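Using the hints provided, position chain W relative to the given structure of chain P.
As a plain string of letters, each chain reads:
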Amino acid sequence: MITLEGAERLALENHQGVSEYTPSRLVVLTESGPVRVCGHGLRLVSLSRQSLVIQGTLTSLSLGAEEAD
Amino acid sequence: MGRPSVWEWIRGYVIIVVTGSSVSAFLSTCMGRGIELSDVGFISPSSITARVGIADYHSLVEAQRASGCSVRAFRRGGAPFLLESVSRRKTALVGIMAFFAVVFFLALFVWRIDVTGASEERTLEIMKVLKATGIVPRVARRAVDCDTVRNTLWAEIDGLAFVSVELRGVVLSVNVAEKDIPQLPDGPVDLVAADDAVITDMIVLEGTAHVAVGDSVARGDVLVSAPAAPDPSTSRARAIVRGRVWREFSARTPLLVETRLRTGRRARRLVLMVDGRGTVLPWPAKFEQYDMEEAAVGAGRFQIRWRIMYELVTQLVEMTRDEAAAMAMAQARAEAMRYVEGGVEATSVVERTVDTEDGAIKAVVTVESIEDMSVARSRRTGAE
Numbered sequence: 000m001i002t003l004e005g006a007e008r009l010a011l012e013n014h015q016g017v018s019e020y021t022p023s024r025l026v027v028l029t030e031s032g033p034v035r036v037c038g039h040g041l042r043l044v045s046l047s048r049q050s051l052v053i054q055g056t057l058t059s060l061s062l063g064a065e066e067a068d
Numbered sequence: 000m001g002r003p004s005v006w007e008w009i010r011g012y013v014i015i016v017v018t019g020s021s022v023s024a025f026l027s028t029c030m031g032r033g034i035e036l037s038d039v040g041f042i043s044p045s046s047i048t049a050r051v052g053i054a055d056y057h058s059l060v061e062a063q064r065a066s067g068c069s070v071r072a073f074r075r076g077g078a079p080f081l082l083e084s085v086s087r088r089k090t091a092l093v094g095i096m097a098f099f100a101v102v103f104f105l106a107l108f109v110w111r112i113d114v115t116g117a118s119e120e121r122t123l124e125i126m127k128v129l130k131a132t133g134i135v136p137r138v139a140r141r142a143v144d145c146d147t148v149r150n151t152l153w154a155e156i157d158g159l160a161f162v163s164v165e166l167r168g169v170v171l172s173v174n175v176a177e178k179d180i181p182q183l184p185d186g187p188v189d190l191v192a193a194d195d196a197v198i199t200d201m202i203v204l205e206g207t208a209h210v211a212v213g214d215s216v217a218r219g220d221v222l223v224s225a226p227a228a229p230d231p232s233t234s235r236a237r238a239i240v241r242g243r244v245w246r247e248f249s250a251r252t253p254l255l256v257e258t259r260l261r262t263g264r265r266a267r268r269l270v271l272m273v274d275g276r277g278t279v280l281p282w283p284a285k286f287e288q289y290d291m292e293e294a295a296v297g298a299g300r301f302q303i304r305w306r307i308m309y310e311l312v313t314q315l316v317e318m319t320r321d322e323a324a325a326m327a328m329a330q331a332r333a334e335a336m337r338y339v340e341g342g343v344e345a346t347s348v349v350e351r352t353v354d355t356e357d358g359a360i361k362a363v364v365t366v367e368s369i370e371d372m373s374v375a376r377s378r379r380t381g382a383e
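Those protein sequences? They're chains P and W, same order as listed.
Residue numbers for the first sequence follow numbering that gives the first Met the number 0, beginning at 0 and rising by one.
Residue numbers for the second sequence follow numbering that gives the first Met the number 0, beginning at 0 and rising by one.
If you're looking for bench data, these hints aren't it; they were derived computationally from the structure.
Bear in mind the structure is a predicted one, so any value in this text is a computation, not a measurement.
Quick reminder that beta carbons are idealized off the backbone N, C-alpha and C, glycines included.
There may be inaccurate statements among the hints.
[Stated by the list, open to error] What the simulated footprint calls covered on chain P by chain W, stretch by stretch (three residues with Cβ under 8 Å from a Cβ of chain W suffice, anywhere in the stretch; the number is not a length): (1) 14–25; (2) 44–50.
[To be verified] Pairwise CB distance ranges, derived in the manner of DEER restraints: (3) P:GLY40 <-> W:THR18: 18 to 26 Å; (4) P:SER23 <-> W:SER86: 41 to 49 Å; (5) W:SER21 <-> P:GLY40: 16 to 24 Å; (6) P:GLY40 <-> W:SER69: 53 to 61 Å; (7) W:VAL93 <-> P:HIS39: 45 to 53 Å.
Okay, chain W solo, but in the shape it has when bound:
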């Protein structure tokens, strides 16, 4: 006999044994009268078992008469019978009811407050504000108004960019995002040139402009000075200043290059490790110049490490001018590319090579770009 479905269990069921010369007639009669049977099992040609719902069980009498079979209740099961048996045991019933009453009572309170997205210091600050407004673990759920709590946190704590408060069961979840406030130098604060440049665009929002579009400026020149204010410490120049900037990236390659090559000779040294302590075996050979590789294998407490020493020999290789220029240019271009890929709006690139006095080739890549070129500087401390 299989298990009853959840619905059958809730409704309650009776497992019956049907005995008679025509059990198939019994099945057909049940079907004709709308009695639903499930899990009909065969015992013998004159005997079967079946599961029937409580509601249909009482209707079986007619099917029994019509088919000439006898029906016997073998076992009862499901929620109605369970409740009936529990109701007879007063203590168990009281215990179950008390359990649900306690769970229900405990669910009326907030038992935990979770703060996410805040630093440790900020979390303490949030908890302090919550405590001041009476929101602590063990407070009644109905006393917590999430909108009010959120508005209180907004009002009481500076530096929050986002606050959400949610009551999930017995947990109050406070999710915040902190503002990333840049540390500005003490005022008055002027805007100065970050680099040597030619001004291409300039929009002054606050302060007095000292340069105009088309002017050449050197690094550190004042572009816009802070406006006069009753409190100089809060006086700040604000402007958008963009300029044309030229940056040089260079690399140098000598025509005579010293290279180190492996000769093919090598020496291996093993280190046997047990519980982190090792026994070092001596090198079988020593080389004047070498490079080293290390590797390890092992499991648990045991490990074998080995170091391989490769002998090197130094050779002087003479390059042609074209080879040296290509090598230097490749290095200079790589540096320039790193700079441009950082988000710079490059307008032109010029490459050139020059012979140096010490017999090397120098490659120079000049990148012309338009950049935001103002930087805030405190007039009082000089801090940028």
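Looking at chain P on its own, in the form it has when it is part of the complex:
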């Protein structure tokens, strides 16, 4: 389950790990594929087996495999 609070906080439950983490891009693995969160000053506020919480200025959120350019 993904919970988005405004454009500043995102909570994600039942994830499978973090595959990429920079202040502008965070990729979280889930059963349905990777969840890509883009923005500025992204921070992993908490990370546990059940859930993770991301804070920062969120600009985009996309689900599924990334299309090749």
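Here is chain W on its own, set in the frame of chain P:
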């Protein structure tokens, strides 16, 4: 790095710096092993910071090996580390323990007694009773039994309608309500008629009835006399006596009315005030008849007051009989309404107007009502 939560602080935490080619693999490994991280901060693509609980900190070794990253403790914080550092300083530890011991010791005593709801005199009386039973500031809390204190106050002090005693921390709260005891005249006390009336209901509880339902009585007539008693000073008549009472409210309006009207001329006088002392400027004009208005503005030490004098002229206005009757009736009705709104059970109202000998109109409103009409009167002193 943000602040740890209260729970993290109590459990203790370590801020770690993770360095390696795959920090995201480190995060995933931690997650897979049930290691909770918080406040993960990005330093560079190959370096992050995070906060981890003490319990999970020791498990990081395996995550470190599996991900090929190195983990370094940057800072430790929280209650366990604080206690550890304090325990190394014996004097500080003794001081802290002594402080809590003193606070605990002081909390074993009552330090203040609050009495609310009582007059100053009654409060002194309550404090005296409390002192006599050993309840004073500095008494041990366990020596105070609120129920016993309340029962003692009930027994020792007359005129209390309510008493509650509560121990709140180091404060003993005594909340009381005093009885409102009416001052009765010295006996023997009879019941007499408060007004001229016709008796409609009568129930005698104590004493001898001198009138019956249907009798007409005049103000001051004895209705029920006090019973014979060994101690006449305590002998009192008790009865419920209601009667039909007629009350008249009247107003009078002359046909020729003198009215005072403003002519439109006015004069203003200013008063300059500094620190409460004023300089009065003279009136620019004076009038034989006038009315006055006053106003003031200002702030702090300075104030300007002014008085405005309005010139008046007297005129005689002649009213018709109907106008005068209406004006008089309005005044009489207003008086009657004030009386009825005071809680009187009015049964009928009669209005009439009469011409007086001096050329005025008099309006009379008669209100018939059923009222409690007995009043206690001391046979000895005559006091009601």
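Query raised in the report: When you take the CB atoms of SER23 of chain P and SER86 of chain W, is the distance between them in 41 to 49 Å?
Result: 45 Å, holds
Query raised in the report: How about the stretch 44–50 of chain P: do at least three of its residues have a C-beta closer than 8 Å to a C-beta of chain W?
Result: This one holds; 5 residues, not fewer than the three required, reach chain W with a Cβ under 8 Å.
Report task. Kindly confirm whether 53 to 61 Å is satisfied by the beta carbon distance between GLY40 of chain P and SER69 of chain W. Result -> At 26 Å between Cβs, range violated.
Query raised in the report: Is 16 to 24 Å a correct range for the gap between the Cβ atoms of SER21 of chain W and GLY40 of chain P?
Result: 22 Å, holds
Query raised in the report: CB of VAL93 of chain W to CB of HIS39 of chain P, is that within 45 to 53 Å?
Result: 51 Å, holds
Requested in this report: Could you check the hint for me, namely that GLY40 of chain P and THR18 of chain W are 18 to 26 Å apart, CB to CB?
Outcome: Between GLY40 of chain P and THR18 of chain W, where Cβ atoms are some 21 Å apart, the hint holds.
Query - Within 8 Å of chain W (C-beta), three or more residues of the stretch 14–25 of chain P - result: holds (count 9)
Of the numbered hints stated above, the single one contradicted by the structure is hint 6.
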